[in-house]
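Engineer: Read top to bottom, the protein sequences are chains A and B. Using my numbering, the first residue of the first sequence is number 1, and each one after it goes up by one. Using my numbering, the first residue of the second sequence is number 1, and each one after it goes up by one.
None of the hints are false.
No more than 30 Å apart at the CA atoms, straight line, and that leaves these computed lysine-lysine pairs for DSS-like:
{"#": "1", "chain 1": "A", "residue 1": "Lys702", "chain 2": "A", "residue 2": "Lys672"}
{"#": "2", "chain 1": "A", "residue 1": "Lys24", "chain 2": "B", "residue 2": "Lys174"}
{"#": "3", "chain 1": "A", "residue 1": "Lys594", "chain 2": "A", "residue 2": "Lys521"}
{"#": "4", "chain 1": "A", "residue 1": "Lys10", "chain 2": "B", "residue 2": "Lys157"}
{"#": "5", "chain 1": "A", "residue 1": "Lys10", "chain 2": "B", "residue 2": "Lys174"}
Just a sample of chain B residues kept apart from chain A, beta carbon distances all over 10 Å, derived:
{"#": "6", "residue": "Met8"}
{"#": "7", "residue": "Ala15"}
{"#": "8", "residue": "Ala20"}
{"#": "9", "residue": "Glu21"}
{"#": "10", "residue": "Ser22"}
{"#": "11", "residue": "Glu129"}
{"#": "12", "residue": "Glu133"}
{"#": "13", "residue": "Pro135"}
{"#": "14", "residue": "Arg136"}
{"#": "15", "residue": "Glu153"}
{"#": "16", "residue": "Ala155"}
{"#": "17", "residue": "Glu156"}
{"#": "18", "residue": "Lys157"}
{"#": "19", "residue": "Glu159"}
{"#": "20", "residue": "Leu160"}
No lab work stands behind these hints: they were computed from the structure. This structure is a prediction, so every number in the text was calculated from the model and none was measured. The C-beta atom is built at its ideal place from N, Cα and C for all residues, glycine as well.
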Amino acid sequence: MTLAWEALRKPATEREEFLQGECKGQPELFAEVSDVVEWEERMGDFLRQPLITLVNLEEPEPGINDELFRAGQEISGRFVILREVGQGGMAVVYEAFDRKRNQRIAIKRAKRGFGRLLSPELEGALKIRHPNICLVNDTHTAKTDSGEVDFLTMEFLDGETLSARIAREGSLPQEEALTVARQLCAGLAAAHEAGIVHRDLKPSNVILTRYEDGRTRAVITDFGLATEASLDSGLVGGTPRYMAPELWHDEKPGKASDVYALGVILYEIVTGARSFQTSQSWDGKPMPPPERPSSVDEDLPTFWDKVILPCLGRIPNRRPEAGEILAIFDRKPLWKSPVLVAAAIALISIGIVLWPYMAAFFKPADIRLAVLSAPASPDLAALEKGATTDVVERLAHSAKPGATIALIPLEDLQRQQVSTPAAAKSVFDATHVLQVRLSRQNGDLLVEHTLFDLSTGARLDHSTARYGAAAAGAIPAAIAGAVSNALHLRLSDRNETISPEATAAYDRGLYFLNSEPSDPKRAIPEFNKAAELDPKSPLPLAGLVDALLAQFEATKNSEALQLARTALVQAQARGPASIKVLLASGDFHVSQGKYGLAQQDYERALELQPRNVEAFLQLAHVFDIQEMPDRAIDYYRKAIALDPAYYQSYASFGAFYYGRGRYQQAEEQFRKQVQQSPGGSDGYSNLGGILSAEGKYAECAKVLEAGLKISETPRMLNNLGAALASLHRDSEALQRYRRAVTLDPGNYKSWLNIGDSLRRLGRVDEAKEPYRKALDLVRADMRANPDRGQSRAFVAYLEMRLGEVSRASEDMAEALQSWPNDNQVIFSAVQMYEALAQRENALNVLQNATPGLLQQIARHPDLAEISRDPRFIKIVSEKQKGDS
Amino acid sequence: MNPEEITMLLQKWRAGDHEAESMLFEALMPKLREIASRCLNRERRNHTLQRTELVNEIFFKLYKAKSIDWQDRGHFLAIVTRMMRRYLIDYARAKPKAELLAMDGLPEGLMAGRTRLDLAVAVDEQLDELEKEFPRRCSVVVLMSYLGLSPQETAEKLELSRRTVEREWHEGKKWLYERLNKNPCKAAQKTTSA
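Model the full assembly from the supplied sequences, consistent with the hints where possible.
Structural biologist: Set out below in structure tokens:
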């Protein structure tokens, strides 16, 4: 056959000669091939071209419409067409020069048949001002020879489309991917906030360009250009790869389908993979969920899995909102459970508050606030006026649940020459007065503000803050924030932004903090840089607080704590009512053990954002620490009710139950965690841990094997090893422990486990070395964390194993004296006393054990003997009675 | 219609039940139309790309629907190619202006006063026959002649060797060419009555 096609490619006159040469001595082959050639020659072009050409009949033939605008042509007496930049399905884009504004712009003109380029959606899109959304200046209509033509003028974006970039170079480098991803989220979130849905989001609608200083800027174009009509007719709507499952069932595109498309785009950005399949199969069955990005590219942080996979969920209302995804990029690690739960990146649910606008029409405002200013010197008057105007504007956009607020216009106050609280009350019936006073000191600005309740005469809030000249822009937000806190107002979110200049550094900071929560060294300088680049935004400082707290957590270096305190004070000066600042403040107070203050911070955050799941979880944690388990449970349940698909709530709730020895309830929660986050290993890790604690070793091993397939962590390896050891499979356990020390040679528990398994396998001499390593490591840990009881108990146990019995006994006695109720201490003590054949001591220590711990002891491979002792059994039954 | 019902219909259809075929079409055609109109109407500058994508979509969506018991690949291809054919013919009939391609170079005898649409319809009629005798050959012809895939793309789609595709393409064309030339009038009559 191939021969025949080869022959056909040659000129007709040479074919026979060619075939004779090729088929020399094979007359049958020659005859067969000649027949094929002959037939092909006879059939000519029959079926050579597609039988039916599918063209869109609504679209005129190319060439006719394209003549409308030509290079050099001037349109509407103002725009000079420079060149055609590209064509889409329904529009042509030109580079042009706007003579009136004296700038380069882009012009987008509808192709004929797509006159409805200018849709109601687009009208909305025109109003969005965001660095990551292509700025549409205006709509115009030009008169041409062929009639009137609609066109838009937009900012000119000098760059390439994201699709071209990915096609050319594949995945984006991590830092750039992060920047682009965050910017796309920010753009989409801003649009969604304004009620604008994109409907046809895809990489070819994203332009990568640069800010003036050279940093990457990702811009979403064509917002609102996919019109209702075109979607219905299937003309432009939806590119299958980016189409959410529900769109296959003729549902209307919405925010959630935009988020799905965003997820696919992010997937492509980080993996460069175009292997991503459409979401739906023929018969309406969902396709299997896409592979985790981190499994496509092993070097990718699992962070991306957590960001991207939820966007690709099948159920639209379970997908995160764009703002929530943005929040992940802006997230800090959640609190770290001391026992079980690894720090995980969390989704924050940002609720939208419906302000009681309507009520305002029907009754007088509950709060009537007058803002009065008194400049100390004439040269500050302008600044002060600007600042107070801004404050009024900010507060005017605030609200209070169950109450209404009115701002007395500054002009009115001026006209009536009101300058004192008393006058404000008598003239305008003001209920509250805010006095603002600016002065200069050593080149800095001193800003004093005081808030009075005129009905009681009470001073509700007062502070004096110092600002460098460059930071003056932060004053209005700071004052408005302080007032809103004092009056319990809900401030609109305009202080939760960050300038384009500082965004990149901020992004990097969050990324480092999220990806390495226990090692924030790289995050800290980025947050500092961002805070410097954007002297107004509280966000980098809030991030800095968290990074420094993480550093303090890791190193116990009090300098970090001091820096965190400073950063927090600065953050509060910039945005006291910023959610992120409030959460950071709460975290700071938790680290200080000031739980009451922490509670206030989180509750205030909930006042501002009543659906903030993170605040609920943090509050639950605070109640837990303060021994208010019922309230903690209540808050965990609230967090879950708010967003039942959010796995972190189950993780935290499970850790809470685990900490209280309620294994069954903990197991239930961790199972839900796995269910909600089957692609993350944390759930398996937690579930495996609890199953091990419950003695369900075989199932535990299975669960952990599943988790280890997702990601190998020393903790899961150790837990798996422990489960295997409990099943008397020490040599298998040994392999897992050894793997754990390769991953993390500094983990003393792994070394200790290796020693124990070797010893049980009868390799007592070999066990010495790992025991020694463990001892060195745990001693270092004890020096760093002298208040951690389990370290001292481990030291004692290891000393005993290494033959230093008397020293071991002393250390253990000390541990038991200082931490008599610490489960790990009790456990190590029992292990040691049993090894030393000191049954009495062991039984004595067990008086303080919880029922759960007793069960664990009964199952431990080294402690089989004591568990058969009648006195042990008696303790167990007494405890159970006491417990029930 | 759920996958089980579709599977059942497929089995009946394979056993020669015509009722089952029309029910299958009724069940699956709207989806095919949806996919096709989406793929074909998007960016109209590169038809080859669209066609490839269309075929990808259809194959992907249909064949990967695991809960449908397709029995074997040939079985599946037969029904899909037949549906694609039906769709494209309907499309061409509904929009006669769709045939914009020049008709130069086609053998005189074949055209025999037919428009290109007539020819397409005539070929389609004959393909029904071809499908009965050589289902695989029919699939090759449909993908290459209706959808304009290259031999390589066709080979990938049908999981055949390039060589086999070329042979089947040749044989299929020959088969159709002979039929159409032998009996042009009959084919034309069928067209008008269709």
